[in-house]
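Chain residues, written in single-letter form:
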Amino acid sequence: MTAFDVVMQQIVNGLVLGSFYALVALGYTMIFGVIKLLNFAHGDLYMVGGFVGFLVLSAISGITGGGWTGVAISMFLSMIAVGCLGVVIERVAYHPMLRAPRLSILITALAVSLVLQNTVLSITHGQYTAFGADFGFGGVNLGNVFITYNQMILVGIAAFLMIGLEVFVSRTQYGRAMRAVAIDKDMCQLMGINVSGVIAVTFLIGSALAAAAGTLAGAYYGSVWYFMGFLIGLKAFTAAVIGGIGSIPGAMLGGLILGFLEAFGTQLPGIGSEWKDVFSFAVLILVLVFKPTGLLGKSEQERM
Amino acid sequence: MTSNSNGAVPTHGLGPFLQDARLRWVVAIAILAFLVVAPMIFGSYITVILTNALLYVVLCLGLNIVVGYAGLLDLGYAAFFAVGAYTIGVLTIQFGFNFWVAFPFAVLAAVLAGVIIGGPTLRLRSDYLAIVTLGFGEIVRFSARNLEITGRASGISGIQDPSLFGWQIRTQTDYYYVFVVLAIIAVIASFRLANSRLGRAWLYVRHDEDAAEAMGINRVQVKLAAYVIGAIFGAVGGAFFAANLGAISPESFSFEQSVLVLMAVILGGMGKIPGVILGAFIIILGPELLRDLGEFRLLVFAVGLLLIMLFRPSGIWPGRRGA
Amino acid sequence: MADNQLLALSGVTLAFAGNTVLDDVNFSIPRDAIVSLIGPNGAGKTSLFNSITGFYKPQGGSVRFDGQELLKLKPHQVTASGIARTFQNVRLFREMTVLENVMSGMHCRTKSGALAAVLRLPSQQREEAEIRAFSEECLAFVGIADEANREATTLAYGHQRRVEIARALATKPKLLLLDEPAAGLNSGEKVALTELIARIRNELGISVLLIEHDMGLVMKISERISVLDHGKMIAEGTAKDIQNDPKVIEAYLGQDDGEGQS
Ligand SMILES: Nc1ncnc2c1ncn2[C@@H]1O[C@H](COP(=O)(O)OP(=O)(O)OP(=O)(O)O)[C@@H](O)[C@H]1O
Ligand SMILES: [Mg+2]
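Chains as they are written, first to last, in our numbering: chain A, 1 to 304; chain B, 1001 to 1323; chain C, 2001 to 2262.
Just chain A, same shape as in the assembly:
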């Protein structure tokens, strides 16, 4: 392989990884935007999304087969189910806490995360569950670089979802309300915007995107696991911080950048692929030290 091939290969790897990170980071950043909460349970919604996708696919694969049609339907249903779960979590656990000290709501989010993780742990006995997607491994050759159709479809679906989100946020009433709530909740309340409703929609969409990523990851990597949301939660946070937490385009950009950084970082001498998690953590620390507002985030003077 030439250096060029290596670069091409890593661009593809980075795109795939980055798509997952971006989808999860979007929910992270949207939820942070409206209620200023680092939702630790977000990675676990990705995990639950993977499991729901698995269940749906198992049920329908007799009819649809395990190919992309089945996976797409599973993903869609998983998005609806987990989106609703996200709304329920917000109503039951976070809503009563919105005026409590920040520490309380953070710990509550951790508790929700642990409940989700351990519920799935108890059901699956901590085992990996084979996902059962069954698609070919065809693809195209670009020189020495082989790109599978799966990779293309996956990146395509992720791009489709992100474009949809962008349209929703910039073109619709709810999207505008969401941005307004992110800036000043109390003012929105005074102006008659249904703030609770906006928060609910944000959780619905954020959780649904995580579920989409979870299902796609299950299909792509072939299995799901109760702990699969833990690391990606951390990475998605990193991606959101790179892009500027609270910024939706920032989350997409941050996800892709982190994907590329990991793909290329692991090619550096001395950083084998087993160190890639350490690598992205180091990136997080560096960003926090040197540019805590991220690439697209605005530094904002908190009101006194």
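Treat the hints as calculated values from the structure; they're not laboratory data. Everything numeric in this text was worked out from a predicted model, so none of it was measured. C-beta atoms are modelled at their ideal positions from N, C-alpha and C, and glycine is treated no differently.
Part of the chain A face toward chain B, derived, beta carbon under 10 Å: (1) Val92; (2) Gly233; (3) Phe237.
Now the stretches of chain C that chain B is said to cover, found in silico as 3 or more residues with beta-carbon under 8 Å: (4) 2078–2086; (5) 2091–2097; (6) 2127–2138.
Once you have looked at the hints, place chains B and C with the ligands on chain A.
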């Protein structure tokens, strides 16, 4: 000026019914007496469990300074526990240090790690610390599992028992008493810190960072102090944990470990020393009483944590924090 | 600008996302003076306080205090250099007693650390006693010594404001910034507040800068008055100068809530 200095300021870190100094002594002596005779009454099995609970008391009191006093969420506390244990392991096994020579290095390593992680992060919104510590916890465990010097996945074994002024610490009961002493030191240190200039500063910063700054308190420095002191408690616990078991491996320092310590603190009552001690005992003894729970153990704790946060965020120990 | 100026702002400019809140503000406070800053709602008075005390970072200008440039300092460093403040909306530490609230002010004047506390060194014990004694003194000075052990946030509003003042005094300032200290007080309490402010200057030798909407109080107590409107200093002078300044009258007439007419 009016000076009514007869114990008027409430004592921080206790619940309401331990405010009376005399009652406090009675309770303290009763508990001490129990701890001294416990190994003679109970068998060795219970002694081991109690030793573990006392280790948890040290860890929980350390985390309590970070979470309970300074109001910072640390999700990677096990990392400091690991730093303490591995420093002892590496220095005694790979470099042939005596335990007591290695011990100050264990503390120093924790201080360094605390400053490296906390220094940049604590300048930002407090909640960033939670996620950075989460990452840090994973990195430490991951490094332990992948580095030659820490023995990779199998860890380090054969750590020598230390001796103290000619007393060779060896049996389970010996270690039990060592941990009794450590727990007592941790309680006294926590109590004194809570009722000091620094301890009050933690509460000020937790309640209102801006007002605290306006009063001339350097919030970054004060939070960093809490984080580093918490780290020291963790490292001390880890050092003696390593000596006690004689063998350590990465899996003792997992995310689950961090979460259990945190649960104990929140369950008992953040910022309330007796509550935190109670929490440590519940987390360790609870599973012993509910043995058949198996895989459901953590789920039970997680649901408990959620219910506590929703219905009684000040924990089971009576009284509000600090009162 | 001679040395008799305790605080001198020149060309201070502050903007949030393109919205200019302070526009080239020049302003000074002589030593040993009581000075008021007035202006309609939203004029930028509190923002000026926040810029002096380091909470807001103005884009330009300088703030010199007692020969030292403050603009690059953090809020706690500003306090340590000798400026204390209260907040427009009272911000006491919840769940803590009045005395403990006041003790916070002594933090920057003392230095015992963690080790001294754990070992209960004699120096630390001495310092603790000192912190308490001085805090009690401050409480007595503002006249609420008998409430020292109550939970601060349970006090009557007027007394909470006094706790804030005592807490600021405990930092041993040279200059005290009060943000609308009379807001929400009844007329008797306002008289007492006026006296307290005079005593702070006369007995403690601390200069006072006051933001206040109550013109009666302002006219009575201030040696100089500055008027801020839409981020600009539009007038400066004695009570009489200000009362007759057409620009000031116009600024206040532009406002419709009737506050500000003396
Ligand atoms: N952190 C901030 N971010 C954005 N805008 C701000 C911020 N702080 C203040 N402002 C704006 O600056 C302007 C001046 O506000 P400021 O609070 O200084 O006025 P003020 O003179 O103290 O008014 P009042 O008499 O009502 O207290 C207002 O328009 C306010 O909205
Ligand atoms: Mg104001």
